[in-house]
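Build out the structure end to end from the sequences listed, making use of the hints.
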Amino acid sequence: MSGRGSGRGGGRGGGRGGGRGSWTSFPVWAWLLFFVFIPLGLVAWYSFGDKPGLFSPVSNEHLSLGRYGEALTGTFLHTFWNTLEIAGVGTALCLLIGVPFAYWMAVRTSPKVRGLLVALVLVPYWTSFLVRTIGWQIVLAPNGFLSHVLQQLQLIDGPLSVLYTRGAVQLGVVYNYLPLMILPLYVAFERTDPAQREAARDLGAGRWRTFFSVTLPDALPGLAAGCLLVFIPLMGDYITPSVLGGARGNMVGQMVAQQFESAQNWALGAAMAFVLMGFIIATVVVVGLVFLAVRGLVRYRRRIDLDAVEPDVSALDGAGPEGVAA
Amino acid sequence: MSAAGVVGTAVRRRRDPVGVAFWLLGLAVFAFLFAPIVVIVIYSFNDGRLLGSWHGFGFDAYRNAVHNATIRDAVRISLLSGVLAAVLATALGTVGGVVLARVRSRWALGLTALLAITLVTPEIIDAISILPWFVTLGTDGHVPLLNNGLVRLVVVHTSVALATVTFMVRARMAGMDAAIEEAAADLYATPWNRFRQVTLPMAKPSILAGALMAFTLSLDNTVVSSFVALPGSTSWPVYLFGTLRTGPRPEVAAVSTLMLLLTLGALALVAVVLRRGGERDLASALAG
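In order, the protein sequences belong to chains D and R. According to my numbering, the first sequence is numbered sequentially starting from 1. According to my numbering, the second sequence is numbered sequentially starting from 327.
There's no promise every hint is true.
[Said to hold, decoys possible] Interface residues of chain R toward chain D, partial, derived using beta-carbon atoms under 8 Å:
| no. | residue |
| --- | --- |
| 1 | I456 |
| 2 | P563 |
| 3 | A597 |
[To be verified] Partial list, derived from the structure: chain D residues whose beta carbon lies under 7 Å from chain R:
| no. | residue |
| --- | --- |
| 4 | V43 |
| 5 | R132 |
| 6 | I138 |
[Unchecked claim] Beyond 10 Å from chain R on every Cβ pair, some chain D residues (computed):
| no. | residue |
| --- | --- |
| 7 | L77 |
| 8 | A293 |
| 9 | L297 |
If you're looking for bench data, these hints aren't it; they were derived computationally from the structure. Virtual Cβ for every residue (Gly too), placed ideally from N, Cα, C.
Listed below in structure tokens is the structure:
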């Protein structure tokens with residue numbers, strides 16, 4: 001379990017300690033392997049097969065990479081780019097709203113209110129994802145109240161025509177994943193040192209300069225975490241496009257599901273799923289590397305701070321937006 | 327909302343235009359975050375036949391929901407699978423979290439990696455992978471248990487919540503001094519007693535918070551559930567998702583409102599438990 005290596009175990013326990021403790025986690029291993037990774041392996045196996053006939057979803061008699069080729073040429077690729085655009089724009093919008101909002105929560109409000117504000121952000125996050133999305137369906141409906149109000153105000157000519165378009169999906173994903181951007185950013189901003197900001201102000205830096213060269217670099221881990229927490233589930237989202245997108249707001253998650261449900265082509269669906277999965281894991285790795293690079297750059301620039309203050313601070317101004325791009 | 331009062335005093339106190347702009351932004355974002363929830367609650371009092379078109383104010387939706395046997399069954403299945411999945415995920419997650427916080431080995435690193443992969447796997451991929459496996463085991467593998475819809479729901483909900491619970495317990499135990507457990511070992515406590523009397527009380531806030539998190543994750547799970555669900559074991563979100571094809575009726579908003587209150591109660595409970603456990607920062611405790 002824990003703490004072997006010391007006291008009673010003495011020198012003898014050191015070697016066995018790790019092995020014995022790990023043994024305790026056997027049930028977790030067993031669960032994960034049996035109910036998550038063997039099924040994933042099975043689908044990976046399917047992805048090398050094909051669909052032999054009308055009534056059979058998959059056959060692995062002839063192994064090939066053909067399904068991957070099929071996935072990477074057809075409509076899947078088109079939908080994949082669509083999804084990537086929605087996810088990229090969605091992450092950027094969440095960042096645009098989340099950074100000033102989390103900064104306000106963590107820095108500009110009094111500590112007494114903060115707990116309440118965090119709870120208020122958590123409430124929508126804890127409310128059913130599906131129910132919230134249906135809420136937007138009601139709001140955006142052509143015969144809904146928003147449509148009536150906008151028509152009364154003569155802001156639009158006909159009924160509101162947003163629902164079942166890509167715009168509705170875009171709005172829905174920004175809404176659904178915004179708390180996942182706010183929370184890590186809030187934690188990161190809250191941990192920054194107010195004394196450093198004051199020092200920057202005392203040294204003559206304005207609001208923007210203080211933010212971009214002192215506060216934001218300190219919050220980089222939160223920024224990277226927020227972007228990943230939004231981008232990753234967004235790429236595989238199934239509910240938002242199903243509820244708000246209709247036929248015109250298609251995303252890859254739905255295509256994968258279609259292959260397993262209506263089309264009954266498990267081999268192709270499996271290949272699509274693994275293209276998506278590979279892309280997501282690659283994204284995690286790339287964002288991790290970019291984060292390390294940006295952090296290294298910031299640290300490198302700061303190191304010279306001691307020798308030459310002026311050129312350096314302006315260089316840091318440049319490093320800020322780079323972090324945003326990550 | 328009590329935030330409105332806070333805003334008033336703050337604006338009066340500071341005339342700084344940037345401060346005012348921040349408060350306006352804050353209010354706008356909160357309005358955005360709560361908009362669809364408020365809409366659902368309001369439309370649960372819609373007396374019309376279809377959810378989306380407002381007819382008049384009334385409590386018909388609640389009355390109809392209570393008298394609808396299908397809805398009652400769906401809610402019952404959801405609550406049952408939620409409790410069972412929470413128990414399972416918490417038991418496994420506690421063991422996993424304690425091990426990950428205390429043991430540094432290649433196995434622990436491997437377990438962390440596997441859990442991290444389950445966290446980044448899109449739900450739709452979980453769904454399409456577990457269904458063929460259930461079918462294989464249930465029909466060809468002769469494990470009739472997996473032909474039971476409720477068992478299937480509990481299994482997939484446990485898998486979905488396992489990583490979250492594990493990482494919450496690990497975060498808590500990482501902040502606790504391992505020397506306390508070592509002292510218990512030095513005083514000849516058996517491993518089991520040490521776990522029960524020393525480790526568990528230390529991990530308790532995260533275990534309770536993790537259990538409630540697992541319960542709400544289960545209550546909300548739609549995608550995987552709709553893939554593995556069998557006739558007769560439709561959970562509430564699966565039923566709700568299904569009604570979207572035919573056009574949902576106000577009853578679903580009524581039940582959603584009740585479920586929302588249930589979830590809020592759970593969240594309040596977590597907050598109280600965390601505060602009592604000396605955890606001040608709710609966000610970092612829940613975000614892991």
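Hint check:
no., hint, verdict
1, I456, "holds, 5 Å"
2, P563, "holds, 5 Å"
3, A597, "holds, 7 Å"
4, V43, "holds, 4 Å"
5, R132, "holds, 5 Å"
6, I138, "holds, 5 Å"
7, L77, "holds, 18 Å"
8, A293, "holds, 21 Å"
9, L297, "holds, 26 Å"
The structure agrees with every numbered hint stated previously.
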